[in-house]
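These are the residues of each chain, in order.
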Amino acid sequence: MSEDLKELLSREAQRVRPAPAPIDAVLADVQTRVRRRRLVTTAVAAALAVLAAAGPWVVGRLGESSTVGQPVTVVPSDPVWGPYRVGDTIYLGGDVTASNKRLADQMARVPDGVVYSTDTGKVVLFTRDGVERQIGDHADTHSGPIQQRFPALASDSNSGWVAWMEEPAGKDYGDIVVYDTTAGTHGEEVNRLRVGFDGPRDCGAARSASYGPFAVDDSAVYYCTAEGDFVWRPTSRDPEPEQILPVAGDPTTSDDYLLDVRNGVRVVLRDTSEPRPVTVADKVGQPGTPVVIDRSLIDGFLSRDGRYLAGLREPRMSVYDTATGHRLPIDSSDAGPLALAMTFTDNGGVAYAVTDSPEHTNRWAIVVCDLPKSPCRTVSGDLDGGVFFVNQRIQ
Amino acid sequence: MRRNVADYSEFVAMRWPSLVRTAYLLTGDHGHAEDLAQSALTKCLVAWPRLRAREAADAYVRKVMLNTYISWRRKSSWHELPSEDPPSIQSYDSTEDLAQRSVVLDAMSVLPPKQRAVVVLRFYDDLGVRQVAKQLGCSTGTVKRQTYEALRKLREVMGDEVRIASGNSGRDEGKTDE
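Line by line, the protein sequences are chains X and A. Okay, so the first sequence: first residue is 1 according to my numbering, each after it adds one. Okay, so the second sequence: first residue is 396 according to my numbering, each after it adds one.
Chain A extracted, bound-state conformation (with noise of 0.2 angstroms):
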C-alpha cells in the first residue's frame, strides 16, 4: 500500500473536487458532502491496490461513496455524523446563492435516500440507467422506477419552478455502460 500512497494521492486530489459536489447534492450539506467523501476515499484507499485502472478507481470510489451514504441513512445516523469543519458561508460563493440554493435542494430532501441518489446520478452525474443500475447494484427496471417516482415528487415539490424533461430519460437510457 505504501508504494501505492503518492499515486493514490494524485488521484484524491483530482476527484476530490468533483466528489464533494456530488456529495453535496446527496447529502444537501457541504460539512456532511466532506466527510461523506473522505469517509469514501479512506475506504478507497483500502482497496486501492486492486484498482489497477484509473476508470475502475472513479467508479469504485462512486460506488463507495453512494453505499456509505444509504448505510449512513439507512443507520438513521444522518444526524449524527462528525464534522469538524460546519458549513459556513466561505463555502459558498454569496449570500444570495446560499438564499437560492434551497429550491432544489430543498426539493431533493424529501425524496429516499436511493430516489435522490438516482437523481443525482442521472442527472447531475449523467449516467445511462445502466450505468446507475450497476452503481446502486439493483437492475434497470428499479432505476425506471426510482427515477418515475423521484420526478413525480420533484414535480409536486416545485411545481412550475422547474422543467423536468422526460426526454433526458430517454436519452440515457440509450448510453451504455463504460
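Here chain X stands alone, though its shape is the one from the complex (with noise of 0.2 angstroms):
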C-alpha cells in the first residue's frame, strides 16, 4: 500500500488529543521568571565599596532578608577577579565588596569601577571614589526578549566601553547604548543605535546571553538580532552597522553564530548539524584555526588577550587554546562533578565554579587553574547552598 507523505502526516498528528491550554501555566511561567529575577536581586543587595587590592578573601553569604550573613575569611595563593554568575549567584572578585544595594545579575569590570544592572532595569557607574551614576536604563518593563538575555551588559575593561540594549515600553525596537566611562568626570554617552527584534534568527542558540550586544572590542560593538551578528564602530566615520552572519548569499552560514570577540579575535559556533557543531576561531581578516568541539560551547568566551577561549561543557568546564585547536588538560573533576560558571583570571589563569548538586544547592567551591596547563587549586569548598560571593570585604 502506498500512502501520500502529507496524508500520513495529518493522520498521524490528528492522533494526538491535546490537553486543556495550559493558559494558567504559561502566565504562571512567565510571572515565576520576573519573580526569580527579583529575588536574585534582592537576596544579592549589597553596596559597593572599594576594597585594598591585596586585602584577604572573604567568603560569605547573604541572606534573604538581605543582610550580610558571618563571613568566611579565606587566603588564597592569588587573586582572582570576577564578576562571573552561577545561576542565581553572583560571584564577585578582586578589588570589589558590596554592601546594602541592589546588584541585578550583572556586573562588568571599567577600568576605574564597574557597572553593573539593577532589577529595575537601571544601568549603574559605580567608580573608585565611590560615586555612583545611574548612566542608563535598559528595561523598565521586561516586555520584549531582553529579558532573556545574559549577560546584560557587554564591556572592554581596558578602553571602558560598556554596551547594552534599551528597550522601550510597547516598542517593537530597542537601543544599543554604548557608554564610555573614561570620558569626562563619570563618563559620557558615545552613541546609540536602534534594532528591531523581528527576524528568524534565535540569538539565545549560541549563548545564555540573547539579543543584544555581546562583545566590546577594539572600539567596535558586536551584537545579535533576530536578523544576524553585527560589528558596529559607534565613532567611525561611517558608524553604519556590518552584518558578520550569516555571510550574504551564502546559505551554509545561516545557523552560524558569533560566540564572542577579543583581541580581533573571533569565534563563530558554526553548526553543521552533521555531524557536529564546529566552534572556529577566526583571527580578524585571516583564517583561523579550527578549534573542534564535540558538543555546542554553551556560553563560550574568550580570555581578554584572545588566546583562550573557554565555556561550560556539561557537567565540565573545558578551555581550548585558539591558536593551536588543542582543548587545554583541565580536570574539573576533583572538586565536583558539576562545572557552573567560569571567568578568566587577570593573572593568566582560570577560575570556575563546581558543585555536587544537580540542584546546584548545596556544596560549592570555586577553583583556581593556571593555564595553560594545571595544577588547578579550590581556593574555597564546601560552602553552603544560597546566595553567597566571594572576595568582598564586609564595610
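None of these hints come from the bench; they were simulated from the model. Careful, some of the hints might be misleading.
Label pairs and their computed distance ranges (CB to CB) [said to hold, decoys possible]:
#1 Ala401(A) x Glu227(X): 25 to 33 angstroms
#2 Pro329(X) x Glu551(A): 41 to 49 angstroms
#3 Arg327(X) x Thr535(A): 48 to 56 angstroms
#4 Ser404(A) x Pro168(X): 20 to 28 angstroms
#5 Arg377(X) x Ser404(A): 52 to 60 angstroms
#6 Ser413(A) x Gln243(X): 47 to 55 angstroms
#7 Ser504(A) x Thr378(X): 52 to 60 angstroms
#8 Val505(A) x Glu227(X): 26 to 34 angstroms
#9 Ser504(A) x Gly196(X): 45 to 53 angstroms
#10 Val505(A) x Glu189(X): 48 to 56 angstroms
#11 Gln14(X) x Gly536(A): 55 to 63 angstroms
#12 Ser404(A) x Arg192(X): 33 to 41 angstroms
#13 Glu227(X) x Lys539(A): 48 to 56 angstroms
Derived pair list, reagent style EDC-like, types lysine to aspartate or glutamate, alpha-carbon separation capped at 20 angstroms [as the list claims (entries may be wrong)]:
#14 Lys548(A) x Asp501(A)
#15 Lys122(X) x Glu166(X)
#16 Lys6(X) x Asp501(A)
#17 Lys6(X) x Glu405(A)
#18 Lys6(X) x Asp402(A)
#19 Lys548(A) x Asp175(X)
#20 Lys529(A) x Glu227(X)
#21 Lys6(X) x Asp520(A)
#22 Lys539(A) x Asp521(A)
Note that beta-carbon positions come from the ideal geometry of N, C-alpha and C, so glycine has one too.
Make the complex out of the two chains shown on their own, each in a separate frame, by following the hints.
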C-alpha cells in the first residue's frame, strides 16, 4: 500500500489529543521568571565600596533578608577577579566589595570601577572614588526579548566601554547604547543604535545571552539580533553596522553564530548539524585555526587576549587554545562533577565554580587553575547553598 | 503586558491544539510536544505587546517553536526536557493507533532537526518554499536542498510504505509568502 506523506503526517498529528491549553501554566511561568529575577537581585543586595587590592579573600553568604551573613575568610595564593555567575548567584572577585545596594544579574569591570545593572533596569556606574551614577535604563518593563538576555552588559575592560540594550515599553525596537566610562568626569554616552526585533534567528541558540550586544573590542560593538550578528563602530566616520553572520549569499552560514570577540580574535559557532557543531577561531582578516569540539559549547567566551576559549560543556568546563585548537588538560573532576560558571583571571588563569549537586544547592567550591596547564587548586570549598559572594570585604 | 493577558489567553486557547500537533511531528513524543509548545507560547507572551496582528503572532509563535526545537536538539538536551506529564495511552485514539504511529515517526527520527522541520512545515503545515525559508531563517535553496535530502532519507527508510509525491514540492514552490 502506498500512502502520501502529507496524508500520513496529517493522520499522525490528528491522533494527538492535546490537553487543555495551559494558559495558567504559561502565565505562571512568565511570572516565575520575573519573580526569580527579583529574588536574585534582592538577595544580593549590597553596596559597592573600594577594597584594598591585597586584602584577604572573604567568602560569605547573603540571606534572603538582604543582610550580610557571617563571613568566612579564606586566603588564596592568587587573587581572582570576577564577576561571574552561577545560576542565581553572582560572584564578585578582586577589588570590588559590596554592601547595602542592589546588584542585578550583571556587573562589568571597567578601568575605574564597575558598572552594574539593577532589577529595575537601571545601569549604574560606580567608580573607585565612591561616586554612583545612573547611566542607563535598559528595560523597565521586561516586555521584550531582553529579559532573556544574559549577560545584560557587554564591556571592554581596557577601553572602559560598556554596551547594553534599552528597550522602550511597547515598542518593536530597542536601542543599543554604548557608554565610555573613562570619558569626562563620570563617563559619557558614545552613541546609540536602533535595532528591530523581528527576524528568524534565535540569538539564544549560541549563548544564554540573547538579543543585544555581547562583546566590545577595539572600539567596536558586536551584537546579535534576530536578523544576524553585526559589528558596529559607533565612533567611525561611517557608523553603519556591518553584518557578519550569516554571510550574504551564503546559505550555509545561516546557522552560524558569533560567540565572542576579544583582541581581534573572533569565535564562530558553526552549526553544521551533521556531523557535529564546530567552533572556529578566526583572527580578523585571516583564516583561523579550527577548534573542533564534540558538542556545542554553551556560553563560550574568550580570554582578554583572545588566546583561550572557555565554555561550559556540561558537566565540565573546557578551555581551548585558539592558536592550536587543542583542548587544555584542565580537569574539574577533583572538586566536583558539575562546573557551572567560570571566568578568566587577571594573572592568566581561569577560575570556575563547581558543585556536586545537580540542583545547584549544596557544596559549592571555587577552583583556580593556571593556564596553559594545571595545577588547579580549590580556594574555597564546602560552601553552603544559597547566595554568597567571594572576595568581598564587609564594610 | 497585563492588559493583553485576556487577548493572549484567547490566542493560546485557539492555537494550542495546532501547535501541539506540529510539535508532536517535530519531536515524536506527546510530552515533549506539549513542553515545546508551552515554551514557545511563554516566549510569545513576552513579545506579545509588540505582536499587533494575529497573523504576525501565528508566524511568530511558530518561528519561536521551531527555533526552540532546533536549539534544544543542538544543545543535546533533548532527552532532559522537563516533562511533568509523561505521554500516556490516553493521548492517542487507541492502542492500535499507537502501534501504527511508528511508521512515519520512526522514519522521521532519522532526520536531523532542520530537515525534520522542513518536512513538517512543507508537508504538514503546507507552507511554500519561501515561507519555510522565512520561518527557518535560511535561503530557499537551503530549503530545497534540505527537502531533497529529507525525502531521500525517508524513501530509504519507508520504501514502498509511502508515496512521497515530488509534485507536492513543485506545487509549493509556486506559493507566495503570506
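Hints and how they fare:
no.: 1; hint: Ala401(A) x Glu227(X): 25 to 33 angstroms; verdict: 32 angstroms, holds
no.: 2; hint: Pro329(X) x Glu551(A): 41 to 49 angstroms; verdict: 42 angstroms, holds
no.: 3; hint: Arg327(X) x Thr535(A): 48 to 56 angstroms; verdict: 38 angstroms, violated
no.: 4; hint: Ser404(A) x Pro168(X): 20 to 28 angstroms; verdict: 25 angstroms, holds
no.: 5; hint: Arg377(X) x Ser404(A): 52 to 60 angstroms; verdict: 54 angstroms, holds
no.: 6; hint: Ser413(A) x Gln243(X): 47 to 55 angstroms; verdict: 34 angstroms, violated
no.: 7; hint: Ser504(A) x Thr378(X): 52 to 60 angstroms; verdict: 43 angstroms, violated
no.: 8; hint: Val505(A) x Glu227(X): 26 to 34 angstroms; verdict: 32 angstroms, holds
no.: 9; hint: Ser504(A) x Gly196(X): 45 to 53 angstroms; verdict: 37 angstroms, violated
no.: 10; hint: Val505(A) x Glu189(X): 48 to 56 angstroms; verdict: 53 angstroms, holds
no.: 11; hint: Gln14(X) x Gly536(A): 55 to 63 angstroms; verdict: 33 angstroms, violated
no.: 12; hint: Ser404(A) x Arg192(X): 33 to 41 angstroms; verdict: 36 angstroms, holds
no.: 13; hint: Glu227(X) x Lys539(A): 48 to 56 angstroms; verdict: 22 angstroms, violated
no.: 14; hint: Lys548(A) x Asp501(A); verdict: 12 angstroms, holds
no.: 15; hint: Lys122(X) x Glu166(X); verdict: 10 angstroms, holds
no.: 16; hint: Lys6(X) x Asp501(A); verdict: 16 angstroms, holds
no.: 17; hint: Lys6(X) x Glu405(A); verdict: 29 angstroms, violated
no.: 18; hint: Lys6(X) x Asp402(A); verdict: 33 angstroms, violated
no.: 19; hint: Lys548(A) x Asp175(X); verdict: 45 angstroms, violated
no.: 20; hint: Lys529(A) x Glu227(X); verdict: 11 angstroms, holds
no.: 21; hint: Lys6(X) x Asp520(A); verdict: 9 angstroms, holds
no.: 22; hint: Lys539(A) x Asp521(A); verdict: 14 angstroms, holds
The structure is inconsistent with the numbered hints 3, 6, 7, 9, 11, 13, 17, 18 and 19, although it conforms to all the rest.
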